Amino acid sequence: MRMPEGLALRSPETEVSRGADGERALALSVRGLRVSFPARGGAINAVRGISFDLREGEILGIVGESGSGKSVSCKAIMNLLPREAAVEGSAVYGDGTDLIRCGPREIRRYRGREISMIFQDPMSCLNPIKTIYSHIREIYLRDGERIGLRSRAAGQLEQLHIPEAAKRLDAYPFQFSGGMAQRVQIAMALAGNPRILIADEPTTALDVTVQASILEEIRSLRDSRGLAVILVTHDLGVVADICDSVAVMYHGSIVESGPTADVLERPLHPYTRALVSSVPVIGEGSVAFEAIEGDCMPARREVGGCDFAERCRRAEADCAAGKPRLHSSGDRRYACFHPLDPESYRRAAAPAGDRPAGISGDELVSASALSCVFESRDEAAKRTALRAVDSVSFAIAAGEAFGVIGESGSGKSTLAKCMMGLLEPSSGTVLYRGRPLFGDAWDFGDYARKVQYIFQDPLGALDPLMSVLEQVMEPLAIRGLRSRAEMAGRAELMLGRCGIDPSLFARRPYGLSGGQQQRVVIARALMCEPEFLICDEPVSAMDVSVQAQILTLLQDIAAEAGMTLMFISHNMGVVKNLCGRSAVMFAGRIVEIGETGSIFRNPRHPYTRKLISSIPVIGSRKEREARGEGPRDAAMSAGHAGPGCAYEPRCPLAVRECRERRPELSAVGEGHEVACPLA
Amino acid sequence: MKSPAPSRSRSSPASSRYSYFLAKAARACGTVAAIVLLAFALSHASGDPAQVFLGGEATPEAVHAFREKWGLDKPLAVQLARYVVLLSQGDLGKSLYTSRKVTEVIAERIPATLSLMIPVAFLAISLGILIGTAAAIRNGRLSDKAILLGSTLGFSLPNFFLGIVLIFTFSVGLALLPSSGNMYARSFIMPIMTLVLADVAVFTRFARASMIDILGKYYILSFRSLGVKEWRILLFQALPNASIALLTISGFYIGSLVGGAIVTETIFAWPGVGSLLISAIRSRDFPLVQGLILLFGLSIVAANLAVDFLYGVIDPRVRKGVSS
Amino acid sequence: MTGERRLSISIWAAASILAALSLASILYGGNAHEAQDLDARCSRPYLIGGDDPRYLLGADQLGRDLGARTLAGIRVSYMIALIGTAVSAVIGTLLGFLATRMKGIVEEAILMLVDIQASLPFILVAVAFLMIVKSSFLVLLVLLSLSGWGRYARLTRSLSDSAMKDGYALAVRALGASPGRVFFRHVLPNISSALIVNMALQFPAIMIAESSLSFLGIGIQPPLVSLGRLLGEGRTYLTTAWWISVLPGAVIFASTLAMTVVGDWMRDRLGES
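Top to bottom, those sequences are chains A, B and C. Oh and the first sequence: position 45 is 45 in our numbering, straight run, nothing missing. Counting the second sequence from 1 gives a position; our numbering is that position plus 1000. Counting the third sequence from 1 gives a position; our numbering is that position plus 2000.
Hints listed in this document are in silico derivations from the structure and should not be mistaken for laboratory results. Hints are not guaranteed to be accurate.
[Claimed, not checked] Using 30 Å as the maximum straight-line C-alpha spacing, the simulated BS3-like pairs for lysine-lysine come out as follows:
#1 B/Lys1217 <-> B/Lys1320
#2 C/Lys2165 <-> C/Lys2103
#3 B/Lys1024 <-> C/Lys2165
#4 B/Lys1094 <-> A/Lys167
#5 C/Lys2103 <-> A/Lys450
[As the list claims (entries may be wrong)] Which chain C residues stay away from chain B? Per the calculated CB distances, all over 10 Å, these:
#6 Ser2211
#7 Ile2218
#8 Val2246
Note that this is a predicted model, so its numbers are computed, not measured. The beta-carbon is built from N, C-alpha and C at its ideal position, and this holds for glycine as well.
Only chain A is shown next, with the shape it has when bound in the complex:
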């Protein structure tokens, strides 16, 4: 076994990491944490012996995908797992108490007062029938306080940048946005002034711009109070943004840990490197995806050797023989028989030049003045119109990959449904090969043969009862094909092309992983041999390491078949790598459109700028303000009713005209248009 120079073997259990700030006191010390759940057919080992230290004022990131055990570990520390869970190991708090060995009465003394936890989906963490004040008050009562509660609560909300805090106290959770709900959670968690905060995927359910402000919030809390934070996430960008150190988990164990910049820029473990490579990066040039094969190993599977070996490009014979132990080198730890040479890691550069825009030049599909207006009644029973899509115009050329970037409420999904012919617009037209949709001469069945749609939730798009093969055969059956043998043969071929192993053909959708499900959906759509493929957030619901696989698949297939793609996502890095031309949507309108590279190099619209600056990027740390949001976060403003610009309320450049007149798209460069007179 070849060992890079300078590294030495140490026993994992007694290892204590010491960083440059080794003098800071230990807030939490976890040793040998194991969690298993009883199940039919043997126990499930969710966490397989992890150890780490958390110092005061440190933000530690724990990164992992599905099956990694990261959330379970945190719940185990706080003693929040169900009774059946078997927990071993120790989690020693700063005062010497082992939190895991604590009885229920003792652990309650620590919860909320010494160590707090916030969870992933902030809306579901609030009781829907109780006011915000009632939530916070419950925490004060816990600490035996009785007077001045309202003003204290208002003060706390103000500190977290919630405007009009006193009024908001009487609001109910459903009247809040995701970002505000998360701030309320943070307020509740910090009311008892704990020393440690565990944040379990705190921003995963939030828009990018909101995520940025919440992360800033956490960072400023650390700066002002010396709070120690464990931040659990699957998003490497988040880690790169605010974490001082990071531990990477795979299949219940820590495979690598160390200072953030070090680990991400010079990874030692192949999994870390693969994770970093699967994340599209927005930087100076673009870098290619490097997808790793296979899916994340689920917690219930057991293998003899290294857990990652089956997906690892560097695996050798000894990797299957036994499990690698955790080695140390300075403040870095890693568990690998053949670690990478840190100095030799370079990401492959993308193929030269940006992806060419407009391949064949013939227009395939276009929208002009497209609007989708939903009528409803607001709280006072007044009729309001929700302009989900507001007079949108663009054109896509045959063979082109066109991106649509937007956050929630931008109207991108509604637009997609219109283009697919699933939703009739209120006004405006969609032309396909020159013929309008929804006209008298238009036949949906015909259209569906040429245009197909990939949904965000693959499991929801598949019939729960039918086998994978049957589902892919379905388009052929619909066309009237009779021979089962022929249908099955063609379906099998397509499934193979999309990377589905034959052993899965007879399975039902819920027996497949998210990535596999989406492959089935893609295969099914391709059976129609479409000319135009609309992808609505096709990879958002998947593990990061799997996303790259699906994106690569789409890329290859589109190139092979000369298919035109319309790719909708909130993830700009993905769009940048895939699409030659893109449009940025806000509140149902296109605010910027043009060559993707040009938009990213030189964003002109204030919203585009804010969007790009919100994206956490590996390799550089952004400075941003922890500004709060209003009742609706930046992105959730679908249905802007006024005559002027939809972004005006939040725009730093806004002048009075912006409120009066709606800006139109005008050119600022070659093929690059912006809807802002001040850009």
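Given the coordinates of chain A, assemble chains B and C onto it according to the supplied hints.
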């Protein structure tokens, strides 16, 4: 082929503060209309309403007067209108059997029924919540399984069978409790038990399922993780949500309470409106039957409406009008 | 796992009880339940100390063999419950699908009907009906079928709606499938498990409803025999011959209990997958 999904960009009107209450009121009106129509149809379907209402021995003058009042020679629509007017004036006719006004006959029997239904409802709901919550907290353990078994048994036991068995045991066998009438305080015991058992079982099952669902929610975990005492979480966070859910089945429960009362009063010869209905049917006392059906129907609709309104007021999501 | 094993035992017990009773009632032919023997009036069941071995389970007030009458009663009661369940399921599912497919005023009308049907207790409507129409097997069947369809309609509608709006039904439509194909090949198989669970849980409700009416004397009329009717007939003889009521009542209880247990088990099983 047309587009498959909803064709126009028009989503269903999002609920405003008022649309919920309007919808429920509309439903109540619709149901009332259906009931009145039913009663009207009944009075005509059994033959000549005059004969049906006045009986065989009516004098020709009485028959003639009746025909005038009801406008039986006029077109049906006019008859319906007159019928509705008569009803709203409280004129339900006279009982064939006793020749007393129907409204009087019914009114004097209502207290007996209420004296049964109110304690039953109270006991069933409160016991159901208590036992159901206890089972939910101990979900998966032996006590939970026992409670589940017990509530399944109670749920499946037909109330008329239970009544018979109780009478057999306590009146015939042990001679402890009276098997009929409501003269003594202890007369209440068996009828109440008969009704309560099945109802407690229903509420227990529902409360248990509801609590299990609520206790699995993230906000409960969140409060727990912040060190809030368990009893406070149960009482102030979980129970309010369960109570709201319970309201949704209370409307249906009122209907089943009425049905149960009819059977139970008959078994125990309880002098309430339920047994009155059965004896009226037996003696083909049509005006009385019609009056009772109207009474039952309308009070059920009123109770349902009250429950719906209460729900709309208590649940803040409805109260404030959530717009999608 | 003791808990699980106990559960499967009760399922087997429940299923076998139902099967045994059904089988017995089917196999039983002949008219023994009508043969009167006034000398043997109210004979005590042989099994608990009676004299006459011909009357294993006793005789009723007219000397008829109670065991035979009970079997005949099972036949009628089960048949009504089964057919009533099936018919209301079919009606409800069709109406529910109609509501999903047609939208607009048809949907509103159907929903209002469902609401009305849900808020009026069955006994009330049945009583009103039976005032005008003479009670018979067919009439009862119609009444019972009409009492249950609401839940199926609501279930079908909400499940189909969510499938059509955002789920697999929409996806298959996007492939170009006709609405008929979508419903019969995709939606129906998926909602059938929920419908079947509902049927299992409706069966006891319908059985109790019929029994209540027969008990009160306005349900099944002679010469037909139903368990509820037997119970009602035996009420006056409670002091002298309690078995006339208790035996049929126990059979009703056992049947409803068994079916509820099976229904609960099905709901848990099908809910998991």
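What are the numbers of the hints the structure violates, in ascending order?
Failing hints, ascending: 4, 6, 7, 8.
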